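Q: Here is what each chain is made of, one letter per residue.
Number of protein chains: 2
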Amino acid sequence: MPTVAAESGTRGRGYPQTLQRPVISSNKLRQQVWHNKSTPLFFASTRHCRQEIHIGGNNKSLNDCTNCRIAYPFLRHLPRVISSTQLDCLKIPNSEIASSHFVSFELTLHCRRNNSMTTSTDHSISRRAKQAAGQPISQLMGMALSNPNIISLAAGFVDNDSLPVTTTNLATQKVLAAGETSKAALQYGSNNGDEQLRTLVLEQAIAMNHAASDQAANYQTTLEQVFITPGSNQLLYLIADTLLDPGDIILCASPSYFVFIGAVKNIGGRTIGVATDNNGIIPRSLEEALEQIERDGNLSKVKAIYTVPYFDNPGGTTLTAERGQQILDIARRWSRDHKIYVISDEAYRMLRYEGPDVPSMHHWDPSLEHTIVAGTFSKSYSPGIRVGWGFLPTDLIGPLGDQKSNIDFGAPLLAQRIMATILEENLWLPHVEKLRGVYRQRCHAMLGALETHLGDVSGCHWHKTNGGLCVWLTLPEHIDTGMQGTFIKAAVEAGVLYVPGEFCYASGGEPANHSTIRLTFGVQSAERITQGIGLLSEQIKHWQ
Amino acid sequence: MPTVAAESGTRGRGYPQTLQRPVISSNKLRQQVWHNKSTPLFFASTRHCRQEIHIGGNNKSLNDCTNCRIAYPFLRHLPRVISSTQLDCLKIPNSEIASSHFVSFELTLHCRRNNSMTTSTDHSISRRAKQAAGQPISQLMGMALSNPNIISLAAGFVDNDSLPVTTTNLATQKVLAAGETSKAALQYGSNNGDEQLRTLVLEQAIAMNHAASDQAANYQTTLEQVFITPGSNQLLYLIADTLLDPGDIILCASPSYFVFIGAVKNIGGRTIGVATDNNGIIPRSLEEALEQIERDGNLSKVKAIYTVPYFDNPGGTTLTAERGQQILDIARRWSRDHKIYVISDEAYRMLRYEGPDVPSMHHWDPSLEHTIVAGTFSKSYSPGIRVGWGFLPTDLIGPLGDQKSNIDFGAPLLAQRIMATILEENLWLPHVEKLRGVYRQRCHAMLGALETHLGDVSGCHWHKTNGGLCVWLTLPEHIDTGMQGTFIKAAVEAGVLYVPGEFCYASGGEPANHSTIRLTFGVQSAERITQGIGLLSEQIKHWQ
Ligand SMILES: Cc1ncc(COP(=O)(O)O)c(C=O)c1O
Ligand SMILES: Cc1ncc(COP(=O)(O)O)c(C=O)c1O
Chain A
0 MPTVAAESGT
10 RGRGYPQTLQ
20 RPVISSNKLR
30 QQVWHNKSTP
40 LFFASTRHCR
50 QEIHIGGNNK
60 SLNDCTNCRI
70 AYPFLRHLPR
80 VISSTQLDCL
90 KIPNSEIASS
100 HFVSFELTLH
110 CRRNNSMTTS
120 TDHSISRRAK
130 QAAGQPISQL
140 MGMALSNPNI
150 ISLAAGFVDN
160 DSLPVTTTNL
170 ATQKVLAAGE
180 TSKAALQYGS
190 NNGDEQLRTL
200 VLEQAIAMNH
210 AASDQAANYQ
220 TTLEQVFITP
230 GSNQLLYLIA
240 DTLLDPGDII
250 LCASPSYFVF
260 IGAVKNIGGR
270 TIGVATDNNG
280 IIPRSLEEAL
290 EQIERDGNLS
300 KVKAIYTVPY
310 FDNPGGTTLT
320 AERGQQILDI
330 ARRWSRDHKI
340 YVISDEAYRM
350 LRYEGPDVPS
360 MHHWDPSLEH
370 TIVAGTFSKS
380 YSPGIRVGWG
390 FLPTDLIGPL
400 GDQKSNIDFG
410 APLLAQRIMA
420 TILEENLWLP
430 HVEKLRGVYR
440 QRCHAMLGAL
450 ETHLGDVSGC
460 HWHKTNGGLC
470 VWLTLPEHID
480 TGMQGTFIKA
490 AVEAGVLYVP
500 GEFCYASGGE
510 PANHSTIRLT
520 FGVQSAERIT
530 QGIGLLSEQI
540 KHWQ
Chain B
0 MPTVAAESGT
10 RGRGYPQTLQ
20 RPVISSNKLR
30 QQVWHNKSTP
40 LFFASTRHCR
50 QEIHIGGNNK
60 SLNDCTNCRI
70 AYPFLRHLPR
80 VISSTQLDCL
90 KIPNSEIASS
100 HFVSFELTLH
110 CRRNNSMTTS
120 TDHSISRRAK
130 QAAGQPISQL
140 MGMALSNPNI
150 ISLAAGFVDN
160 DSLPVTTTNL
170 ATQKVLAAGE
180 TSKAALQYGS
190 NNGDEQLRTL
200 VLEQAIAMNH
210 AASDQAANYQ
220 TTLEQVFITP
230 GSNQLLYLIA
240 DTLLDPGDII
250 LCASPSYFVF
260 IGAVKNIGGR
270 TIGVATDNNG
280 IIPRSLEEAL
290 EQIERDGNLS
300 KVKAIYTVPY
310 FDNPGGTTLT
320 AERGQQILDI
330 ARRWSRDHKI
340 YVISDEAYRM
350 LRYEGPDVPS
360 MHHWDPSLEH
370 TIVAGTFSKS
380 YSPGIRVGWG
390 FLPTDLIGPL
400 GDQKSNIDFG
410 APLLAQRIMA
420 TILEENLWLP
430 HVEKLRGVYR
440 QRCHAMLGAL
450 ETHLGDVSGC
460 HWHKTNGGLC
470 VWLTLPEHID
480 TGMQGTFIKA
490 AVEAGVLYVP
500 GEFCYASGGE
510 PANHSTIRLT
520 FGVQSAERIT
530 QGIGLLSEQI
540 KHWQ
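The listed protein sequences correspond, in order, to chains A and B. Numbering (numbering that gives the first Met the number 0) for the first sequence: 0 to 543. Numbering (numbering that gives the first Met the number 0) for the second sequence: 0 to 543.
In isolation and in its complexed conformation, chain A is listed as follows (with noise of 0.2 Å):
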């Protein structure tokens, strides 16, 4: 960080005394001028633009200038105060203007200048990476670690015990014994994925909605649709940088993965967050959320509706047959000007411990006009090989493509021979199947603990999911059960471990409910769910 040195003299004259805080009404940039000396200033500045600055003046001179840079670090990164030699000129784009982080901040200018020419590193870091705020996690791995005994029922990791080591051995060999082909897998693949591979999953998706429908589907997929990606986040992540042009909007479940919010806002979209029921996302809801964004002027900027129709990550709802083809539907419908897509991740499908499969939505769109179908072995058979894929309208074959010919010009393929090889010699649904035993049992540990101890306090309430990895408890309205709360630190004290739900909200849309819990069953035992869940209900009845 450059020390801060005398005023500038000439081109920064005057500032000092017309610093400015913007205020937003009805879509509209208003301008209030006040002196604040000692605040700093967060904004970006190029060298070329020569042109001066007039905050507070005159408001033409602000959009004038089509040299200069957004000023997005003041509006997410307040503890990263960019200092420069010259305060040339600040442009705040209107997708910024008519988002709602913007609407109580106050920008304030100080413009000392820098005589002392030390190098300042945020000025090398770009505005995605200054946006990308990490994954939230990661503060509570450090939680976790720092007390070893603690119960987390926070992981994202799968059960550990019945990784299948012995299958992977011996496809593993049979990739590696096979003479030509085994040298084939050593080498680079192609950008869209083994060719075997993305025929066996796509067969098995149409095999599985086939089963879960007494309806047919004329399925028109073709193997050129289907990409696989080293772990189907980055298929996510490929999809949101091939729709959202910063300020633009993707549509999701209230609460959603935190991941997929998180890679949104890291590429300057943003999430609108839809209420749910026990079925998922309300299509009347969904409904109401584009009227509001259509009367806002922004349906424009709506590119996709993003879904984990199956055991949601983190609300652990179901999308019904009928609801999937009404999201599909509302999709449709709203895509007037341009298409807005509907991402069916389908991470937790395989993990059903009771009820019957239902028909992903590619069922309802068998030549994927509108669907985007994410699915992954991550955790249905093993996240350290980590292979995704997705199936894509034919549209986004070319622009996906080659944005990720850019990452990585194709997944590694040793992992997806491997993962081909348990397909094909049937060790995948057979270990489905094992793993369905192993999360049943602890899923009823958890959710009967849950009863025995909260049942009958008031305000407490979680959705009984019939599979996937997420309970999603919520609490009396007085417990926040955020990080900056006294809840957490309490719970940790008493030995247990969560995800506090105000991760899992998306940027705007439905509000978020501090009151939240993410409670993850895969990695602890049945018994170590039963004594976290009960440390944590005391924990509660405490702060009742």
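Check each hint, because a few of them may be wrong.
Copies of one chain are not kept apart here, so a pair can be met inside one copy or by any two copies together.
[Claimed, not checked] When the alpha-carbon atoms are kept at most 20 Å apart in a straight line, the in silico EDC-like pairs for lysine to aspartate or glutamate are as follows:
| hint | residue 1 | residue 2 |
| --- | --- | --- |
| 1 | Lys463 | Asp479 |
| 2 | Lys182 | Asp160 |
| 3 | Lys433 | Glu423 |
| 4 | Lys264 | Asp158 |
| 5 | Lys264 | Glu194 |
| 6 | Lys264 | Glu492 |
| 7 | Lys182 | Asp158 |
| 8 | Lys433 | Glu179 |
| 9 | Lys463 | Glu290 |
| 10 | Lys264 | Glu432 |
| 11 | Lys173 | Glu194 |
| 12 | Lys488 | Asp394 |
| 13 | Lys182 | Glu432 |
| 14 | Lys173 | Glu423 |
| 15 | Lys173 | Glu353 |
| 16 | Lys540 | Glu179 |
| 17 | Lys173 | Asp160 |
Don't read these hints as lab results, they were simulated from the structure. Quick caveat, the model's predicted, so the values are computed rather than measured.
Take the given structure of chain A and dock chain B with the ligands to it, following the hints.
A: Showing chain B with the ligands alone in chain A's frame:
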């Protein structure tokens, strides 16, 4: 693609008569108005922008609108015609105006209104996705596939025959036969990578630098500075994404690794090529490039200098120890307001067939103040396992880690455990020795054949590389080796494929030499290489 219906009545009226062609002179945008009804419009529009466009008439109105999207697609994706129901506003960002792509582009407008209200997908795609031209190699792949007997001296693959099936099998079995540790290898890993692998990779690099130098260095690099990525290409992408805002600059050798050039372009950044000689980037030219950029008022945009210091792809050159220090020194001296990093992409370091090793820039910057090291096992072991790494300045750990946590929150762990075991069991360096033998022979075959056939053909010259996988060949000026020329078609018909040098040039700086060729000797046998160079040389002589 929507059907184009009647001409717009109200807002669109008059537009077909005011079509324009931006012509660039001395970095300023001028406009010429002409009439062209039939040519489609390439533009991006947003619905919310209610301002009328006056292209060709009033320059100011073009800049005034801060609402509208940048019209990237027409610059890069000519075949992607975008129709829209509304032609709102067209804004041309300065970064584009300055870019050479723009100079000869003709923008023609087609302003008929689409009343049919069908959806247009291009509206849904982000600017970044539109910018992502994809990697050029795919066109070449197509050429190769359509002619299966072709001798491809274009492929970026490694030698298939020497791929280490036996040692990989051994290491994998060891990883998967270790009880609890085996299970850990199938679990999620951490964002920065496996600790043992990070330790081994860092130790190895430091040991190699010490062995290559008679000066000791006091390494302060910590394990926190080491990141593992699924291929070093992801690391390069993350670096570009972490450092670059649209319009920002990375200096690089002319020519340079085209995937990196493409990734920078995708992010909206610019690469500026610096003149090279037989020892890579010429420090004096680098200095001059920076002076020019400073004169243009763009120094604040320069974020890094990208080098492939060992057996550059495509140049084949290696930076001497002295040059490495000079480049580092230049980065230091020009870091005034902000830090300029040096990216040392050491992908080919291990593929040295002649002469002594050179210490990495890391050796002259042992706490990595400015230096970013990128490395990979793809070339020196197996690209199918796909493990790369980065050594980062401490100030980039946070921002790059945050970006990475959005893409995959950690590289696949099994592949990392396999590579760690290969290192630990001392299986790597013996394999490198073997590879050197294989590639040395091919390298000699290629250089020998070039000498035989083109040694006294005037205008032909190439760098006699001592390592890596590429030879960079320059032909007489009148031969255009590019995709649009007839030479490449003749070569393909004659049975040999190469990468046109034009793909390897930065977006600015040193002008592209369209009479250059990238040849690789990684994939073909010595015999086929000799034969291929023979066929290519025949063509060259035909064209004399
Ligand atoms: C809902 C959801 N989608 C996607 C993923 C990504 O999984 P992977 O990248 O391992 O395929 C996860 C992992 O936790 C998830 O919970
Ligand atoms: C110069 C250079 N850097 C980086 C890479 C990326 O290799 P990988 O992603 O396989 O580690 C390559 C591959 O061709 C390369 O040539």
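Q: So, for every hint listed, does it hold in this structure?
A: Results of checking the hints against the structure:
| no. | hint | result |
| --- | --- | --- |
| 1 | Lys463 to Asp479 | neither (22 Å within a copy, 68 Å between copies) |
| 2 | Lys182 to Asp160 | between (32 Å within a copy, 7 Å between copies) |
| 3 | Lys433 to Glu423 | within (18 Å within a copy, 34 Å between copies) |
| 4 | Lys264 to Asp158 | neither (30 Å within a copy, 42 Å between copies) |
| 5 | Lys264 to Glu194 | neither (33 Å within a copy, 29 Å between copies) |
| 6 | Lys264 to Glu492 | neither (32 Å within a copy, 50 Å between copies) |
| 7 | Lys182 to Asp158 | between (32 Å within a copy, 10 Å between copies) |
| 8 | Lys433 to Glu179 | between (34 Å within a copy, 19 Å between copies) |
| 9 | Lys463 to Glu290 | neither (31 Å within a copy, 66 Å between copies) |
| 10 | Lys264 to Glu432 | neither (37 Å within a copy, 47 Å between copies) |
| 11 | Lys173 to Glu194 | within (18 Å within a copy, 29 Å between copies) |
| 12 | Lys488 to Asp394 | neither (49 Å within a copy, 30 Å between copies) |
| 13 | Lys182 to Glu432 | between (33 Å within a copy, 19 Å between copies) |
| 14 | Lys173 to Glu423 | within (11 Å within a copy, 24 Å between copies) |
| 15 | Lys173 to Glu353 | neither (34 Å within a copy, 38 Å between copies) |
| 16 | Lys540 to Glu179 | neither (64 Å within a copy, 38 Å between copies) |
| 17 | Lys173 to Asp160 | between (24 Å within a copy, 18 Å between copies) |
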